[in-house]
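Chemist: The chain contents come next:
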Amino acid sequence: MLAIRVEDLVKTYGSRRVLDGVNLDVREGEFYALMGPNGSGKTTLASIIAAVRTQDTGIVEVYGKNPAHAKEFIGYVPQENFSSPKLSGRENLIYFASLMGYSRDQANQLVAEMLENVGLSEEADKRVAKYSGGMRKRLEVATAIFPGIKVLILDEPTTGLDPAARRAFFSMIQGIMDRKTSIVLITHIGSDAELASTVGLIDGGKMIAKGTPDELKRKHALEDVITVETAAKTDSVLSVLKDFSIDGRVGESEAGYRIYSQNGDRVLADVVRILDQAGHKVMRIEMSRPTLEDVFFALTDRHLQEATG
Amino acid sequence: MRQISAAYIKAAKELLREKSALFWTIAWPMIWVIIGSFSFTGSAPPEVTPYIKGAIAISMMVFALMIAGMSNLPASIAGDRANGLLAKLISMPVKPYKDFLGRISAVITLSFLAAALVIVVGIALGARFAGAGVQIPQAIGFVFLVICASAGVGLMTGTLIKNLQGAIMTGVGIAVITSAISGLFAPYEVLPVPLQTFARVYPISSAQAAIVHLLAGPDMVAYNPLTSSQVTLTVALSFALLVVGTVLYTRLGWKLE
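As given, the protein sequences belong to chains A and B, one line each in that order. Under our numbering, the residue at position 145 of the first sequence is numbered 779, and the numbers go up by one with no gaps. Under our numbering, the residue at position 110 of the second sequence is numbered 114, and the numbers go up by one with no gaps.
None of these hints come from the bench; they were simulated from the model. Errors might be hidden in some of the hints.
To be verified - Result set (SDA-like, lysine to any residue): computed pairs, CA atoms no more than 25 Å apart in a straight line:
id : chain 1 : residue 1 : chain 2 : residue 2
1  : B       : LYS23     : A       : ALA758
2  : B       : LYS259    : A       : LEU636
3  : A       : LYS760    : B       : ASN87
4  : B       : LYS99     : B       : ILE8
5  : B       : LYS259    : A       : ARG650
6  : A       : LYS764    : B       : GLY83
7  : A       : LYS705    : B       : ARG21
8  : A       : LYS844    : A       : ASN715
9  : A       : LYS853    : A       : ILE779
10 : A       : LYS764    : B       : LYS102
11 : A       : LYS760    : B       : ARG21
12 : B       : LYS17     : A       : LEU721
13 : A       : LYS840    : A       : GLY692
14 : A       : LYS784    : A       : ASP739
15 : B       : LYS259    : A       : ASP642
16 : B       : LYS166    : A       : ASN715
17 : B       : LYS166    : A       : TYR647
18 : A       : LYS720    : B       : VAL98
19 : A       : LYS760    : B       : GLY88
20 : A       : LYS784    : A       : THR688
21 : A       : LYS720    : A       : ALA758
22 : A       : LYS784    : A       : LYS764
23 : A       : LYS720    : B       : ILE140
24 : A       : LYS705    : B       : LEU26
25 : B       : LYS99     : A       : LEU721
26 : B       : LYS102    : B       : THR254
27 : A       : LYS705    : A       : GLN743
28 : B       : LYS102    : A       : ILE779
29 : B       : LYS259    : A       : GLN689
30 : B       : LYS166    : A       : THR688
31 : A       : LYS784    : B       : VAL98
32 : B       : LYS259    : A       : THR646
To be verified - If you want the ones that stay clear, here's a sample from chain A, every Cβ over 12 Å from chain B, calculated:
id : residue
33 : ARG738
34 : THR777
35 : HIS854
36 : THR925
37 : ASP928
Even for Gly, the Cβ is constructed at its ideal location relative to N, Cα and C.
All chains should be modelled from the sequences, with the hints used to inform the complete structure.
Modeler: The following block contains the structure:
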């Protein structure tokens, strides 16, 4: 079942076409990352799906309805911190629960559960002004996951968070996914998008690619890079490594060699075994995987971070 | 009703926890009541002094109401737009008019609190009021008109000025300048004729004159603000400002593009 359907979406601001014939489908329970640089149109697309803005032409449906008539299903977390710093975390959530129509008693009970779910029970009565960036973002996600919400739209939720806060944030998202909520994550960070089941790449208002992270990497022939350092650099080592690398390509690094594979996990162990059998001691071996930033680069000849500015 | 009370509770808590809002709305008018009570009553006959102090307290109470409506209300609106709350609210099944009613109710609460505290300070410093009986509810009615007019201006400012600091400064600017040129800070009779006309047309200064007339006595006002034509003008313009502000806010305030 489709949770979100977007077809031939066009949006212009003045003479600038921000979205140019975008198509997008998100299935029920799917975790969809929409990745692109600043100005690519991803935030505008998210805000149209969230009923905050309207399109010029094209179709947008949330569970078969115009988003303006499906607001009870949509949980939207804008990029800016919208929780009130003068209120506590609990007071903020009770405010949003009351806006959703819950009575005071219902709101109190529900908010206690939600604070527990997002790991903020102990900080619930502190003013939000005293929260860290990660705590505040988790609180704001809680405002968008009230019972009945089926589509969660997160606009750049990890911008400015440190690695520990990012991990905590995505652990919480994992918990939400278990409830079959569809999630649309807007991001320009490849490692965030890697966590999604489907990634859509957007640039210049157009969807330029879509697939699982692995599909996108395979489709654009991006390989794992294995760096091998042996006790000595010899022709014999080079000859062994050529057999493992795509097209026999072997690059040299300062202390060893680089080989390329689309199946790095399996090749890694074989390289160690064969070199060992040939009497070459492996001093260091490591594999780096291609990232979604590499996919973006392959498609646009621009680095995502540079394009993001 | 739950959405209105949610918006009311949030806005009221934010206002009461905002030190600068409390200072400009409550402490600043109180300071001027204290200064005015000692500075502007020296040459007056002793029997008149308590009523002059009463008139000063009323003027500062009106100024407090103006700041609440013209500065605190637009600050709340512009702040919520700047920090993304407006986008969040638009994405939710929330009606703009319910948010409006909640916000304005919070401003009315703060206004009455500020008004009561300023009057209490005035009384503590010797202010006396001549009004009694039906004049008291009539005066409260004019207080309500001041709140309506101020809130109307505040809604317009908060809707049209997108920047938070810009909205606050515009609100304070309008409050201070219109107070100065409409006789809130100076006796009506010392104003130039064009400004005397403005003072009678501007609904906040004409309502203030009516409150002073009712509570401190007719001798404290240089014209009669309670003629039927003057009262009609004051009521009509106060509600007109509120209606224009409300329409602007509900039509344009909830649009991000």
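Chemist: Each hint: holds or not?
Modeler: Verification of the supplied hints:
no.: 1; hint: B/LYS23 x A/ALA758; in the structure: 23 Å, holds
no.: 2; hint: B/LYS259 x A/LEU636; in the structure: 29 Å, violated
no.: 3; hint: A/LYS760 x B/ASN87; in the structure: 20 Å, holds
no.: 4; hint: B/LYS99 x B/ILE8; in the structure: 9 Å, holds
no.: 5; hint: B/LYS259 x A/ARG650; in the structure: 19 Å, holds
no.: 6; hint: A/LYS764 x B/GLY83; in the structure: 19 Å, holds
no.: 7; hint: A/LYS705 x B/ARG21; in the structure: 31 Å, violated
no.: 8; hint: A/LYS844 x A/ASN715; in the structure: 29 Å, violated
no.: 9; hint: A/LYS853 x A/ILE779; in the structure: 35 Å, violated
no.: 10; hint: A/LYS764 x B/LYS102; in the structure: 30 Å, violated
no.: 11; hint: A/LYS760 x B/ARG21; in the structure: 14 Å, holds
no.: 12; hint: B/LYS17 x A/LEU721; in the structure: 7 Å, holds
no.: 13; hint: A/LYS840 x A/GLY692; in the structure: 14 Å, holds
no.: 14; hint: A/LYS784 x A/ASP739; in the structure: 24 Å, holds
no.: 15; hint: B/LYS259 x A/ASP642; in the structure: 24 Å, holds
no.: 16; hint: B/LYS166 x A/ASN715; in the structure: 17 Å, holds
no.: 17; hint: B/LYS166 x A/TYR647; in the structure: 18 Å, holds
no.: 18; hint: A/LYS720 x B/VAL98; in the structure: 22 Å, holds
no.: 19; hint: A/LYS760 x B/GLY88; in the structure: 21 Å, holds
no.: 20; hint: A/LYS784 x A/THR688; in the structure: 20 Å, holds
no.: 21; hint: A/LYS720 x A/ALA758; in the structure: 13 Å, holds
no.: 22; hint: A/LYS784 x A/LYS764; in the structure: 31 Å, violated
no.: 23; hint: A/LYS720 x B/ILE140; in the structure: 37 Å, violated
no.: 24; hint: A/LYS705 x B/LEU26; in the structure: 36 Å, violated
no.: 25; hint: B/LYS99 x A/LEU721; in the structure: 22 Å, holds
no.: 26; hint: B/LYS102 x B/THR254; in the structure: 10 Å, holds
no.: 27; hint: A/LYS705 x A/GLN743; in the structure: 23 Å, holds
no.: 28; hint: B/LYS102 x A/ILE779; in the structure: 22 Å, holds
no.: 29; hint: B/LYS259 x A/GLN689; in the structure: 14 Å, holds
no.: 30; hint: B/LYS166 x A/THR688; in the structure: 20 Å, holds
no.: 31; hint: A/LYS784 x B/VAL98; in the structure: 18 Å, holds
no.: 32; hint: B/LYS259 x A/THR646; in the structure: 16 Å, holds
no.: 33; hint: ARG738; in the structure: 8 Å, violated
no.: 34; hint: THR777; in the structure: 7 Å, violated
no.: 35; hint: HIS854; in the structure: 35 Å, holds
no.: 36; hint: THR925; in the structure: 29 Å, holds
no.: 37; hint: ASP928; in the structure: 32 Å, holds
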